[in-house]
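**Q** If you want the building blocks of each chain, they are given just below.
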Amino acid sequence: MRLTARTGFSILVLVFFCYLVWEAQEWRLQARLFPWAIGIPMILLAILNIVQEVRGPKEEAGTSQDRPTDFQFTQPLDMSVAVRRTVTILSWIVGFLAGIWLVGFSITVACMTFGFLKIQSKEGWAMSLILTASAWLVYYVVFERTLLLPFPDGKVFLWLGLD
Amino acid sequence: MMFDAFIEGLLHVLSWPAFGFLLLGALVGFVVGILPGLGGLATLALMLPFAYKIQEPISAFAFLLGMHAITGTTGDITSILFGIPGEGTAAATIMDGYPMTKNGEAGRAMGAALMSSLVAGLEGAVILALAIPIMRPLVLFFGSPELFMLAILGITFIASLSGSSLTKGLLCGGIGLMLASIGVDPQTGTLRYTMGTLYLWDGLSLGPVVVGLFAIPEIIDLSVRGTSIAETKVEKITGVMEGVKDTFRHFGLTMRCGFIGAFIGALPGLGGGVSQWLAYGHAVQSSKDQSSFGKGDVRGVLGPGAANNSREGGNLIPTVAFGIPGSSAMAILLGAFLIVGLNPGPEMLTKHLDVTFAMVWILVVANIITAGACFLFLNQLVKLTFVRGHLLIPFLLMFVFLGAFAAHNNFSDIIVTVIFGLVGYVMVLFQWPRPPFVLGLVLGTIVENYLWISSSAYGAGWLVHPTVVCIALLIAGTLIYSAIQARRGRSLEEDLEKRIGVEGTRQ
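In order, the protein sequences belong to chains A and B. Quick note: the first sequence uses our numbering, first residue 176, plus one each step. Quick note: the second sequence uses our numbering, first residue 265, plus one each step.
Treat the hints loosely; a few may be bogus.
Stated by the list, open to error - In silico contact screen, one side only, chain A against chain B (beta carbon under 8 Å); selected entries: (1) L178; (2) W202; (3) W211; (4) A212; (5) L219; (6) M254; (7) A257; (8) V262; (9) I305; (10) A308; (11) R320; (12) D328.
Hints listed in this document are in silico derivations from the structure and should not be mistaken for laboratory results. Using N, Cα and C, we set each Cβ at its ideal position, and we do this for glycine too.
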C-alpha cells in the first residue's frame with residue numbers, strides 16, 4: 176500500500192462527499208433528494224478511485240502523457256526553483272487580495288502592479304512607472320468611470336473613519 | 265409570403281437607425297466579451313432599459329441581440345491568448361486554444377476560433393430560420409425526465425474524455441453538481457451548505473469560480489516558467505489564415521459542432537457553456553488520434569468556437585416560437601419583447617414574421633461585423649503573447665480580480681476566485697480534469713429541477729420512459745467505450761515499453 180499526496184487528495188474528495196451527504200440527512204426530502212442522488216454514488220466512486228490509486232501503477236504528479244482534456248503544468252528543469260516561484264506568485268496573489276480588502280482596488284492596483292514590476296520582475300523605474308500608470312488608467316477609465324462599478328473602500332479607511 | 269418576410273427582415277436590419285444600433289451593440293459586445301468576468305448576461309440586463317428609449321422593435325433587437333451575439337466570439341479571445349475566459353461560456357476554448365498560444369500558434373488559434381464562430385453563427389441563423397415552423401413537436405417531446413438524462417449524458421460525455429481515469433472525471437462532475445446545490449433550496453427554503461454565511465444563500469456564482477479555476481493555475485504556470493505566454497519564438501506573426509483554412513479543412517466538424525450548439529441552445533435551460541463542452545467532447549471523441557488534445561490541437565478550438573455562436577440561433581427558437589427562453593440571456597431578451605410591444609409565440613410566426621427574420625439577419629450581420637473587426641486587430645492582440653510573462657502577470661491578476669468583482673459587485677466573489685484558483689491548481693497538479701467540474705456546476709441547478717419535477721410528476725416511473733431508457737443506454741455505452749479505450753491505451757503503452765526494453769537489451 177502506498178500513500179502519496181495524490182492519494183491524500185483523493186481521500187479529501189471522499190471526505191468532501193461524505194460530509195455533504197451526512198449534512199443533508201436532517202433536511203426535508205425535497206431538499207436532500209439531489210445531494211443524496213448524486214452524493215451517495217459519488218462516495219462509492221471516490222472509494223473506487225482511492226483503491227485504484229493505492230493499487231495502480233505509480234505516476235508522478237503532472238507526468239501523464241495519455242489523452243488529457245485539461246492543460247498540464249510545464250515540467251520545470253529544477254523542482255526547487257519551481258516550488259520557490261510557485262510560493263512567490265501565490266504570495267503575490269494573496270497579497271493582491273489582502274490589498275483590495277485593506278485599501279481598496281484603486282490603491283492596490285497601482286501598488287501591486289508597481290511592486291510586482293519593480294521588486295519581482297526587477298524592471299527599470301521608467302518601465303515600471305509607465306506600465307503601472309497604464310494599468311491604473313485601464314482600471315479607472317473602464318471599470319470605475321465607464322462601467323461605474325461600486326468598488327468598496329478598504330477596511331483601513333473604515334477603521335480610520337475616512338470612508 | 266415567407267420569402268417576402270425574409271427579404272423584408274434583411275432590409276429592416278440594413279436600414280437606419282437599426283444598423284446604427286447594431287454597430288453600437290457590436291461595439292459594447294466586443295468590449296464586454298474581452299473583459300474577463302463581465303458576462304454578456306449582465307450586460308444584457310444592464311442595457312435592457314435602453315429598449316424603452318429605442319421602442320422600435322427591430323432597432324431594439326439590433327442593439328441587444330447584436331451585442332449579445334458578439335460576446336461569445338470575443339470571449340474566446342482572452343481564453344486563447346491568456347487562458348482567462350472572457351465569458352463563463354468561453355472556458356472550453358482554453359483547453360486547446362491556450363496550449364496553441366504557448367506553442368506560438370496564437371494567430372492560428374484565433375483565426376480558427378473566429379472563422380468557426382462566423383461559419384457556425386451563420387449556421388445557427390439558418391437553423392433558426394428553418395426550424396421555427398418544425399421545432400414545436402421536438403421541443404415538446406423533451407420533458408423533464410429526458411432533459412435530466414440529457415444533462416447526465418453531457419457530464420458523462422465530458423468525464424469520459426478525462427484521460428485514463430474515468431473515475432476522476434465522473435467525480436469531478438459530481439463535485440460540480442454538489443457545489444451547485446449550495447444555497448437556499450428553491451423548493452423548501454432549506455439553507456444548504458451555506459456555512460452560516462449570507463453570501464452563500466444565492467449559491468456559488470459561475471463567473472468567479474470559472475475565472476479562478478482556469479486563470480490562476482495558468483498565471484502560476486506562467487510565473488514558474490518565467491517566459492512569455494508563447495514559449496516558441498517566431499520572427500513574424502502568421503497563422504491567422506492557417507486557422508481560417510483549418511475551419512474549412514475540418515468543415516464537417518465545424519458544422520457538426522455548430523449543430524450541437526444550435527440543438528443544445530434550443531433546449532430550454534441548457535446554456536452556452538454546456539454546448540461548448542459537448543462540442544469539445546465531440547471534437548475529441550470523433551478524432552482517431554486523441555493524443556494531441558489538451559496540448560494544442562486546432563480541432564479543440566474549432567469545436568467550442570463553433571458551438572458558442574450557433575447556440576444563439578438555437579436559443580432564439582423556443583424564445584420566439586413559444587415564449588420559453590432557451591437560456592438566461594433569452595429570459596432577459598423576452599423582457600425586451602414585452603417592452604417593445606411584441607408577444608412571443610404564434611404571432612411571431614405570422615403577424616410579425618418580418619421581425620423574426622430580422623432577428624435571423626441580425627445574427628448574420630453581427631457575426632460578420634465581429635469577425636471582420638477581430639481580424640483587423642488580430643495581429644496586435646497576438647503580439648501580447650510574446651511579451652515577457654513578468655510584464656503581463658500584474659495586468660492578468662488585475663483583470664482576474666476585477667473580473668471576479670464585476671460579476672456581482674461583491675468582494676466575497678474575489679475570495680471565491682482565489683479559493684477556486686488554489687483548487688484548480690491542485691486539480692491540475694494531480695490531474696483531476698476541470699471541464700467536468702465546470703459542466704457539473706453549470707448544470708447542477710437545472711439537473712436538480714428536472715430531477716425533482718420528474719420524481720414528483722411520475723414517481724419512479726420516469727426511469728422506464730422509453731426515451732429515458734435510450735439515453736441511459738447511451739450513457740452506459742459511453743462509459744463502457746471509454747473504459748475499453750483507456751484499457752487498450754494502457755496495454756499499448758505497456759507493450760511499447762516492453763518492446764523498447766527488448767530493443768535496449770539487444771543493443
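**Q** Of the numbered hints stated earlier in the document, which are not met by this structure?
**A** Failing hints, ascending: 1, 3, 5, 6, 8, 9, 10, 11, 12.
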